[in-house]
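Engineer: Read off the chains here:
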Amino acid sequence: MKLRALFVASALLAIASGASTAELRAAAGPAREDSRSEAKEQVEFGIKVAQSGLWKEAAYRWEKAVKLDPTYGAAWNNLAIAYEQQGNFDKAREAYEKAVELEPKNLLFRQNYDLFKEINDRAKRRRDR
Amino acid sequence: MTARNAAAIASALVLSGTLGCTSFYEIPIETPIQPKMDVSMFQRVLIAGFISGGTEDVDANLETVRLLRSQLRSRSSLRVIEAEALRLAELAREARTEPAPPPSPGGAADGQQIAPVPQLPQQAQPPSDQDPIKIRNEKDLERYSSIFADVAFWKKIGEEYQGPLIITGTVLFSPLATAGYVPVEREYFDPLGRRRVMQQRQYQERKGFTLQPKLIYIDGRTGATLYSETLREEVLYPAQTNTPALSSYFELMDKLIPSFLNTLSMQKIRGTRVLVK
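Chains as they are written, first to last, in the working numbering: chain A, 33 to 161; chain B, 440 to 716.
Next up, chain A with everything else stripped away, as it sits in the complex:
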């Protein structure tokens, strides 16, 4: 509890001083840094296997990454793509929304989400017709 309060206080201090994301992460302490770097490893491995067409394995890696660091926008974005590729549209939408929520200014996440929505809406229109 004490540790958590300390972390929040240091993060607030960092925000007040106009710190960058990296600095904020640094302020969060080594534990958080560790989980981000572990998550990053999972994300990188996931990208490699996705490029080989192994989407199930990639989804597993990115699921692991978002568990390790739920604030990692790229992991949510990639996970959304894997869900989309597998036809799991509800989960894909949730993951895209999470990615966009975490990094609203990231145009790549926004673009992926827009393309997903276009296909999903078109399929819905066909079904309703």
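Honestly, I wouldn't trust all of these hints.
Per the computed footprint, the stretches of chain A lying under chain B, defined by three or more beta-carbons under 8 Å from a beta-carbon of chain B, are [to be verified]:
hint	region
1	67–73
2	112–123
3	138–147
The set of hints was computed from the structure by calculation and includes no laboratory data.
Quantities reported herein were computed from a predicted structural model and do not represent experimental measurements.
No residue lacks a Cβ here, since even glycine has one placed at the ideal position from N, Cα and C.
Using the hints provided, position chain B relative to the given structure of chain A.
Structural biologist: For chain B alone, kept in the frame of chain A given last:
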């Protein structure tokens, strides 16, 4: 979709500058679109035939039967039954001239008749046997469409082929003519000799075709309608071009086929997404 993808890729490249050290990887994906209908209980499909109308340049019944069969053969897991296409308009007319049985109170007598055959109003009766069948518009089609609700008729057809999924319906392929302002691109060379393209609006008379199939999916075991959908596409060309009706028919069908296939089987839409590190 292709133009959109190209724009997406182009913007992704532009973004690379703005995102600084962010590593990203463009990756092709195939998004599976679930079928609109569950056809898991059928192993076979019969494209029975269509009531067709509009232009007489194309036999829309035969062409639609042939095209849908060939599409299903290569892009669906259902086995396609090869049979002669039914002349449904003629069958509908014959059915009308036969004395109808007295209507049973409460509709379904045997518990299987889901939609009782509606009694057509006097003015909508199909023409007599002596007249050649001429179907020009939707109103003409309506005269014959009671055949789709004839559960006994479809059940009998189904029994002949061991209860397959039956696909039938109507196809209206009609000529279309219109006139109005359309956007055109004009090419010119500026004073420095560079080629430029300018958007303009020009008054044009155009002609083409409209294709409106109504596809009805019937359970061959019960004769009941499972699902139906109406699709519509049109194509217009400048009035001076002479495009054969058959090639317009295929051009329009090309646009409608994905929707038809997606009713019965899962389709995959190709696209690209950007993975980010």
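Engineer: Each hint: holds or not?
Structural biologist: Hints, one by one, checked against the model:
1. 67–73: Per the Cβ count (1), the hint is violated.
2. 112–123: Per the Cβ count (5), the hint holds.
3. 138–147: Held - the region 138–147 of chain A has 7 residues with a Cβ nearer than 8 Å to chain B, which meets the minimum of three.
In the structure shown, a violation is registered for the earlier hint numbered 1 alone.
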